[in-house]
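The task is simple: from the sequences and hints, build the whole structure.
Protein chains: 2
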Amino acid sequence: MSQIFFGAPPRPSAPAGANVSERAQLPPSLAISTVIFALKPDPLANGAPTLWLPLVRRIKEPFRGQWALPGGPLTAEESLEDAARRNLLETTGLAPAYLEQLYAFGGLNRSSRPERGSQRVVSIVYWALVRATEAQLSVGGEGGDENVAWHRADTAGAGEGGLAFDHREIVDYALWRVRTKIEYAQIAYHFLGPTFTLAQLREVYEAVLGRSLDPANFRRQLKSAPQIEATDEFLEGGRHRPPRLYRYTGPLDATPGGPGPGSTQS
Amino acid sequence: MSQIFFGAPPRPSAPAGANVSERAQLPPSLAISTVIFALKPDPLANGAPTLWLPLVRRIKEPFRGQWALPGGPLTAEESLEDAARRNLLETTGLAPAYLEQLYAFGGLNRSSRPERGSQRVVSIVYWALVRATEAQLSVGGEGGDENVAWHRADTAGAGEGGLAFDHREIVDYALWRVRTKIEYAQIAYHFLGPTFTLAQLREVYEAVLGRSLDPANFRRQLKSAPQIEATDEFLEGGRHRPPRLYRYTGPLDATPGGPGPGSTQS
DNA sequence: AAAATAGTGTCTGTAAGACAATATTGT
DNA sequence: ACAATATTGTCTTACAGACACTATTTT
Numbered sequence: 001m002s003q004i005f006f007g008a009p010p011r012p013s014a015p016a017g018a019n020v021s022e023r024a025q026l027p028p029s030l031a032i033s034t035v036i037f038a039l040k041p042d043p044l045a046n047g048a049p050t051l052w053l054p055l056v057r058r059i060k061e062p063f064r065g066q067w068a069l070p071g072g073p074l075t076a077e078e079s080l081e082d083a084a085r086r087n088l089l090e091t092t093g094l095a096p097a098y099l100e101q102l103y104a105f106g107g108l109n110r111s112s113r114p115e116r117g118s119q120r121v122v123s124i125v126y127w128a129l130v131r132a133t134e135a136q137l138s139v140g141g142e143g144g145d146e147n148v149a150w151h152r153a154d155t156a157g158a159g160e161g162g163l164a165f166d167h168r169e170i171v172d173y174a175l176w177r178v179r180t181k182i183e184y185a186q187i188a189y190h191f192l193g194p195t196f197t198l199a200q201l202r203e204v205y206e207a208v209l210g211r212s213l214d215p216a217n218f219r220r221q222l223k224s225a226p227q228i229e230a231t232d233e234f235l236e237g238g239r240h241r242p243p244r245l246y247r248y249t250g251p252l253d254a255t256p257g258g259p260g261p262g263s264t265q266s
Numbered sequence: 001m002s003q004i005f006f007g008a009p010p011r012p013s014a015p016a017g018a019n020v021s022e023r024a025q026l027p028p029s030l031a032i033s034t035v036i037f038a039l040k041p042d043p044l045a046n047g048a049p050t051l052w053l054p055l056v057r058r059i060k061e062p063f064r065g066q067w068a069l070p071g072g073p074l075t076a077e078e079s080l081e082d083a084a085r086r087n088l089l090e091t092t093g094l095a096p097a098y099l100e101q102l103y104a105f106g107g108l109n110r111s112s113r114p115e116r117g118s119q120r121v122v123s124i125v126y127w128a129l130v131r132a133t134e135a136q137l138s139v140g141g142e143g144g145d146e147n148v149a150w151h152r153a154d155t156a157g158a159g160e161g162g163l164a165f166d167h168r169e170i171v172d173y174a175l176w177r178v179r180t181k182i183e184y185a186q187i188a189y190h191f192l193g194p195t196f197t198l199a200q201l202r203e204v205y206e207a208v209l210g211r212s213l214d215p216a217n218f219r220r221q222l223k224s225a226p227q228i229e230a231t232d233e234f235l236e237g238g239r240h241r242p243p244r245l246y247r248y249t250g251p252l253d254a255t256p257g258g259p260g261p262g263s264t265q266s
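Each protein sequence line maps, in turn, to chains L and G. Per UniProt numbering, the first sequence starts with residue 1, numbered consecutively. Per UniProt numbering, the second sequence starts with residue 1, numbered consecutively.
For the record, the hints were derived by calculation from the structure and aren't laboratory data. A hint or two may mislead.
[Stated by the list, open to error] Chain L regions said to be covered by chain G (calculated; three or more residues, Cβ under 8 Å): (1) 27–37; (2) 76–89; (3) 102–108; (4) 119–125.
Glycine is no exception: its CB is placed at the ideal position from the N, C-alpha and C atoms.
Take a look at the structure:
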């Protein structure tokens, strides 16, 4: 919550060229990065699911050895979103169902260790949601690349000198975005399979929002939504009364290709 | 907390997909554009205020002679927001109190008249709010540049072959953004001076939202907000009972310079 | 039977919208 | 006095949140 002024807005008072360091005068280059969220059971949270994301260990300076968001340069013949998808697939093997632009980061001091003569990079960052099942298959398993690993979204990099570049700030912003967006848009279903129990759906909301929700009120709200459809099936194998399985039949807010970021519910 | 589930705001339809032509293999270049909104009395709307924005007539191909958003290239030594501010000042003389990143547009077919060998451009678009008083002084007056002029935001370019590039789509998205954001963030005050009557504030909401609001209920809602403070003054000179002037004392959701949870609910 | 989770019913406080009623000014 | 706007009050409805209560399964 940045809150500000009324009469006199604080402005970054730097007219162009005011404080010119000697840096390459090359035009800024463009890169794409992606914050990929999945819900995974967290041993530290008593087995309750929390938000995780895959990170890539840097093998070059700057920030060599530290963890960074997957990403890469934008090539000449692909759209921003295609570039995000391609980088995602190449570095993590994931093909998310939900992908949306997050923000364009272009500050002058994005690398807190600016290298002499290094070119300035503007990063257009996307965020994505994947199911835990997909997440398991692609990264971190036996055959996985040890330079790609899942981390808890809220604590990644802590105790290891932080994440590379300004990626901690980016992840925090993406967390804020998924938490606020889940309250008004249909994105929770991207974490789940085609059918689910109301308890599972509630678990998604609780994990993302970070607070517990009243099961009775949660159920009542969903029942008032015509897009939630009860199936004839029940989830067997539990330790107690088997819960009914539901299906989401509404529009899935899939991958807002461009400006209407997202979610619409017709 | 408000309703969790359904009820997302309507969004503009998604943009068209890409259509690759053979184009130069140069890396995409970066540009900044800005959608600047001001409320101006509209003769076509019976004198009621509507949203207007300054546009620049293109003097070069492509789209020569058509109207476009003010903007320009990003130089090596300025942040994205600084570049938006600078371009704004140079082309329109405006220094907006509110400035926020809108979206990064990077589709392959952004110029619907792709020139052979032209370099692909990724535009990072900002949107801004200015007061009508500022707006009057800088553009379109006697000494104004005739290649810069105010247009109604919702109809600009209609009947003139449309706006240049994909700028109509961009303006529509910016319109959607200001209309949805005014409902939960304190941005209306950026259209007004330090004091205002409740009728003036209501007029702002009505103009942006495009519907009329009940004066009594509007007043009651604002009175429940501690950030609205009554002054001892009244607006004299009206034709009837003089209304009291109020002041907004709360945080002004201004210029989320970076990504941070820059805007908040109230 | 007990435990545990699934699922229903009810009450309360808050807030929005419709709209009647009163207040205060200029003409 | 009258017109026009400002300002207050009242009623209704919707809904979120708290929470008691019932239902159905496993152990």
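Verification of the supplied hints:
1. 27–37: Three-residue rule met by the segment 27–37 of chain L, so holds; n is 4.
2. 76–89: Our answer is that it holds, as 6 residues pass the Cβ test (under 8 Å) against chain G, meeting three.
3. 102–108: holds (count 7)
4. 119–125: holds (count 3)
Every hint from the earlier list agrees with this structure, and none is contradicted.
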